[in-house]
Amino acid sequence: MFALPQKNFRAPTTCLGPTCTQDMDRSHGDDLEGECSRKLDQKLPGVGDPVMLSSDTSYLSSRGRMIKWFWDLAEEGYRTYHMDEYDEDKNPSGIINLGTSENKLCFDLLSRRLSQSDMQWVEPSLLQYPDWRGHLFLREEVAKFLTFYCKSPVPLRPENVVVLNGGASLFSALATVLCEVGEAFLIPTPYYGAITQHVCLYGNVRLAYVYLDSEGVRVKGLILINPQNPLGDVYSTEELQEYLVFAKRHKLHVIVDEVYMLSVFEESVGYHSVLSLERLPDPQRTHVMWATSKDFGMSGLRFATLYTENKDVATAVASLCRYHGLSGLVQYQMAQLLRDRDWINQVYLPENHARLKAAHTYVSEELRALGIPFLSRGAGFFIWVDLRKYLPKGTFEEEMLLWRRFLDNKVLLSFGKAFECKEPGWFRFVFSDQAHRLRLGMQRVRQVLTGKSQVAEDPHPSQTQKPSDQCSSAELLKLCFSPGPPSPIKQN
Amino acid sequence: MSENRYGGAGQPAGASTDTWSISPWSDTHPVPSGQVLRDQSIYTQLLEMMLHLRQTMSEHFVQLMSRQGLLQEQRHTEAIREQEALLDRLLCQMINLLQSGAMSGLELQVPLPSEDSRGDVRYGQGTQLSGQPDPVSQLSDCEAAFVSRDLSNRGIDISALYQSKSQGYNAYQKDKYHKDKNTLGFINLGTSENKLCIDLMTERLLESDMNCIEEGLLQYADWRGQPFLREEVARFLTYYCRAPAPLDPENVVVLNGCCSVFSVLAMVLCDPGEAFLIPTPFYGGFAFSSRLYAKVELIPVHLESTITAINTYPFQLTVDKLEEALLEARLEGKNIRGLVLTNPQNPLGDIYSPDSLMKYLEFAKRYDLHVIIDEIYMLSVFDESITFHSVLSMKSLPDRNRTHVIWGTSKDFGISGFRFGALYTHNKEVASAVSAFSFLHSISGIAQHKLCQLLQNTEWIDKVYLPTYRFRLRKAHKYVTAKLKSLEIPFHNRSSGLYVWINLKKYLDPCTFEEEQLLYRRFLDHKLLLSCGKAYMCKEPGWFRLVFADELPRLKLGMRRFCDVLEEQKQDLRVKQLKPPASQPASCSGTP
Numbered sequence: 001m002f003a004l005p006q007k008n009f010r011a012p013t014t015c016l017g018p019t020c021t022q023d024m025d026r027s028h029g030d031d032l033e034g035e036c037s038r039k040l041d042q043k044l045p046g047v048g049d050p051v052m053l054s055s056d057t058s059y060l061s062s063r064g065r066m067i068k069w070f071w072d073l074a075e076e077g078y079r080t081y082h083m084d085e086y087d088e089d090k091n092p093s094g095i096i097n098l099g100t101s102e103n104k105l106c107f108d109l110l111s112r113r114l115s116q117s118d119m120q121w122v123e124p125s126l127l128q129y130p131d132w133r134g135h136l137f138l139r140e141e142v143a144k145f146l147t148f149y150c151k152s153p154v155p156l157r158p159e160n161v162v163v164l165n166g167g168a169s170l171f172s173a174l175a176t177v178l179c180e181v182g183e184a185f186l187i188p189t190p191y192y193g194a195i196t197q198h199v200c201l202y203g204n205v206r207l208a209y210v211y212l213d214s215e216g217v218r219v220k221g222l223i224l225i226n227p228q229n230p231l232g233d234v235y236s237t238e239e240l241q242e243y244l245v246f247a248k249r250h251k252l253h254v255i256v257d258e259v260y261m262l263s264v265f266e267e268s269v270g271y272h273s274v275l276s277l278e279r280l281p282d283p284q285r286t287h288v289m290w291a292t293s294k295d296f297g298m299s300g301l302r303f304a305t306l307y308t309e310n311k312d313v314a315t316a317v318a319s320l321c322r323y324h325g326l327s328g329l330v331q332y333q334m335a336q337l338l339r340d341r342d343w344i345n346q347v348y349l350p351e352n353h354a355r356l357k358a359a360h361t362y363v364s365e366e367l368r369a370l371g372i373p374f375l376s377r378g379a380g381f382f383i384w385v386d387l388r389k390y391l392p393k394g395t396f397e398e399e400m401l402l403w404r405r406f407l408d409n410k411v412l413l414s415f416g417k418a419f420e421c422k423e424p425g426w427f428r429f430v431f432s433d434q435a436h437r438l439r440l441g442m443q444r445v446r447q448v449l450t451g452k453s454q455v456a457e458d459p460h461p462s463q464t465q466k467p468s469d470q471c472s473s474a475e476l477l478k479l480c481f482s483p484g485p486p487s488p489i490k491q492n
Numbered sequence: 001m002s003e004n005r006y007g008g009a010g011q012p013a014g015a016s017t018d019t020w021s022i023s024p025w026s027d028t029h030p031v032p033s034g035q036v037l038r039d040q041s042i043y044t045q046l047l048e049m050m051l052h053l054r055q056t057m058s059e060h061f062v063q064l065m066s067r068q069g070l071l072q073e074q075r076h077t078e079a080i081r082e083q084e085a086l087l088d089r090l091l092c093q094m095i096n097l098l099q100s101g102a103m104s105g106l107e108l109q110v111p112l113p114s115e116d117s118r119g120d121v122r123y124g125q126g127t128q129l130s131g132q133p134d135p136v137s138q139l140s141d142c143e144a145a146f147v148s149r150d151l152s153n154r155g156i157d158i159s160a161l162y163q164s165k166s167q168g169y170n171a172y173q174k175d176k177y178h179k180d181k182n183t184l185g186f187i188n189l190g191t192s193e194n195k196l197c198i199d200l201m202t203e204r205l206l207e208s209d210m211n212c213i214e215e216g217l218l219q220y221a222d223w224r225g226q227p228f229l230r231e232e233v234a235r236f237l238t239y240y241c242r243a244p245a246p247l248d249p250e251n252v253v254v255l256n257g258c259c260s261v262f263s264v265l266a267m268v269l270c271d272p273g274e275a276f277l278i279p280t281p282f283y284g285g286f287a288f289s290s291r292l293y294a295k296v297e298l299i300p301v302h303l304e305s306t307i308t309a310i311n312t313y314p315f316q317l318t319v320d321k322l323e324e325a326l327l328e329a330r331l332e333g334k335n336i337r338g339l340v341l342t343n344p345q346n347p348l349g350d351i352y353s354p355d356s357l358m359k360y361l362e363f364a365k366r367y368d369l370h371v372i373i374d375e376i377y378m379l380s381v382f383d384e385s386i387t388f389h390s391v392l393s394m395k396s397l398p399d400r401n402r403t404h405v406i407w408g409t410s411k412d413f414g415i416s417g418f419r420f421g422a423l424y425t426h427n428k429e430v431a432s433a434v435s436a437f438s439f440l441h442s443i444s445g446i447a448q449h450k451l452c453q454l455l456q457n458t459e460w461i462d463k464v465y466l467p468t469y470r471f472r473l474r475k476a477h478k479y480v481t482a483k484l485k486s487l488e489i490p491f492h493n494r495s496s497g498l499y500v501w502i503n504l505k506k507y508l509d510p511c512t513f514e515e516e517q518l519l520y521r522r523f524l525d526h527k528l529l530l531s532c533g534k535a536y537m538c539k540e541p542g543w544f545r546l547v548f549a550d551e552l553p554r555l556k557l558g559m560r561r562f563c564d565v566l567e568e569q570k571q572d573l574r575v576k577q578l579k580p581p582a583s584q585p586a587s588c589s590g591t592p
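So the sequence lines, in the order shown, correspond to chains H and X. Taken in order, the first sequence gives residues 1 to 492; the numbers are from the UniProt record's numbering. Taken in order, the second sequence gives residues 1 to 592; the numbers are from the UniProt record's numbering.
I should point out that these hints are in silico values taken from the structure, not numbers from a laboratory. Small disclaimer: the values here were computed from a predicted structure and weren't measured. Yeah, the Cβ is synthetic: ideal placement off N, Cα and C, and Gly gets one too. Since no wrong hints were added, every one of them can be taken at face value.
Derived coverage of chain X by chain H (criterion: at least 3 residues anywhere in the stretch with Cβ under 8 Å from a Cβ of chain H; other residues may be distant): (1) 158 to 169; (2) 189 to 203.
Subject to a maximum C-alpha distance of 25 Å in a straight line, what follows is the list of computed SDA-like cross-link-like pairs (lysine to any residue): (3) X:179 <-> H:123; (4) X:179 <-> H:125; (5) X:179 <-> H:124; (6) H:90 <-> X:231; (7) X:174 <-> X:521; (8) X:174 <-> H:124; (9) X:174 <-> H:131; (10) X:321 <-> X:389; (11) H:251 <-> H:219; (12) H:389 <-> H:362; (13) H:90 <-> X:226; (14) X:174 <-> H:128.
Could you build the full structure based on these sequences and the hints that come with them?
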């Protein structure tokens, strides 16, 4: 998905991610109503346009207004990109997107495979209401697929599989069924920032960042992303084991997101799925996610799967699947794709890895030439780049300004704050794009960093709002909707 | 909305509209959701709960003592309140179990027997109108039975609600009738699915224009739906709804099903605890969808089957009834944010005249209510003499910024497995807020392409699909209604939708919802799935919805089983009536 660019930032004052919308858990309707209006009436310190939130003319409920506002803000970069997308012929000066983690390298292979005749199949059951966990034929295929590619010591079982329309839906459903409103998952930072939105939109669950202490919030689980996003790191079996034992000790659920598991392109990197462990410390609280969005470069296909031995969790997630189902015809195609082990092993994966590796090599060499430090271990689609030396004061405001300068020079990146990175100045570069776009993107990056970009440097035109009057949307959401009184925002 | 899976299961629907913290979808049988505990004795369950209770209490005190100084006052209070609620809940569960244990020996049973007057109130009127339910009555047997240590309370609630509502449907899924392989399997005349045109759809979907793989289809796209699909939906609705001016693709949001659209609308139009008005009987899925994520209540506007001074026809919806329900709910402190209408109506098959529709819309405008109109059956009107008027065909809407239309392909095209629902709203703010949820309800690019191709080909739709579809609907409807007439079963004779609303009161003695439920189960025992009136929040016991949009051989077999069950039921009634009336509560009235 995409990172969450936000308008302006200051360093976070607390450890909590946002809780959006009000506390939905209480059944006293009258109380709630009063509470909402009270909260909305509170003057929010430093909000650019509070009218948007407290408007009486709105047709939306207060949570509706909040959600919309948050969405508008979060989507800014992505929307800007969509309005001015680069196209070699039609819009050569459009924006190059090195911000969204998508694999655009293997469309030719996929298109050929998905056009084969075995994919075109229609039968009555595919057109009718399904088993909401996903068609059995697909769950069987998923179980076999994961058994093989995760190197599971025992065959995985189709009844432990629940299929949904994307990883976001899965995060949302898990948050809803595992946590009460206002509870939290622990997550090591920096992490894929959109998860914040996924767990809070319906679930109203927060994230507690590992680097900070999470006093006062009940932590229900731990989210691990392996291979990690944005670091491109993989956990060793020892590390994994250690985290799982830690979680067990504290009776935490562990959600392991392995959405990049087949995108480990460096052979020397030994990747271990959590499903490959001989024995899970707490199998009933270990829930694994996988999807085709990244590993098969099909983010638009909307397919994700949960694997959990916990029947209650599987059933509860399946109870929500009515709202997160995917088309029967697509389920059929997915089963065909996952079944085709020959194509995956002999055609798709080798080619995909070779292309990822080449793109990775190109971008890392560019960065080295610029003398820019970066982290990358040979997994995923991105490089975690250290641009701290370009921020004289080392603040998140400067990080934001630099991000805007990139955008003005028509290249979209993701900045560290969107991953809740503690230090200002880190950026995520996605390299899994076609060579011509990648080259142009890197050229535009270089222009900005070497001060040769077309756009004016300083003061930035869009910086007319004073950064010091702004706070991050995460903080703002917290202010509006945290159960307690708003914590004072430190000015400056 | 999309299918009545839950109604189809025929479980009492009282639950779904109840206070949403805990639901009394009490049934005559314990819901088999508590895999963990169901098979254990009640004492084991009590023991487990006691242990849980003890642990919670000790945590509670630890927290009281250790954190007082550290925490902000409010958060502290919050934490204490949460724990209090949990303690309360556990205590109630134990009381419930003890009650049921006392009543039925050691077997786990319905904690609150249905003879209880509260049960009647619940069945008759929907609990949201009842006064202050005491804490114990709020607990269902499911709640007591389903105690999972891994799920959150709301997770337990969701899971139990779902399972209680899909028992019948799940039984059907596991044991479907097949003419060769499983002749003794279930016939499903309960789920509103159009199975009449699978041949046409299969053919159409296999045509070459359907298969297209483009880069854009496989990548992240506009979350509101691919622009090409939204354009097509706008054109399609302009044409089939006879809109006076072309509809704007920017007002369209497409999601993976109409239940998703409804759920998201409830999220963005209401705050938790707020409510929508909805005339009964109504599609039970609304209750599920409004409660599950959004925690929005549905306030029923009860309609009656009898013709009276106010009712010129059965189940007539009038502005007076709307107004009365609204004011009554307001008196109880409910904040009503909108009105939900289904047109053509499900389960009645009624179609609103432009005049009535206008009156409802004006009523809504008078009270600043949003109107959500579900027109999912709009092309399933099979009598040519009847014209359906979409709300989008009106020259001017009384309150266009508060009128939101839902349509999908599940019913009209018989492709419920496709997962497609569309919202049309003039209100940009609403459209944009709904979009914020769309990544949780998105449709595969490949499916979006196919849908676009499907909707685009109006020639095929007008010349091939619709004439055949309607002809087959008419035929099936004729077959079923002839059978009903021969059995002298009264039914609501309409010409739209996939179902007929039938009255089986005469087979119930006494005429109560318990008896209705028993009859429903008798159908199930004969491998026939129907939906009972209670799932539609019908005020009067004895109504069922019978879906006829199935292929004739299955339909015939279904009707044969239907007749068998009723014959058996009749015989039982004869025997029952010979016995002296013991402690039977008298009643065959719709009134509680």
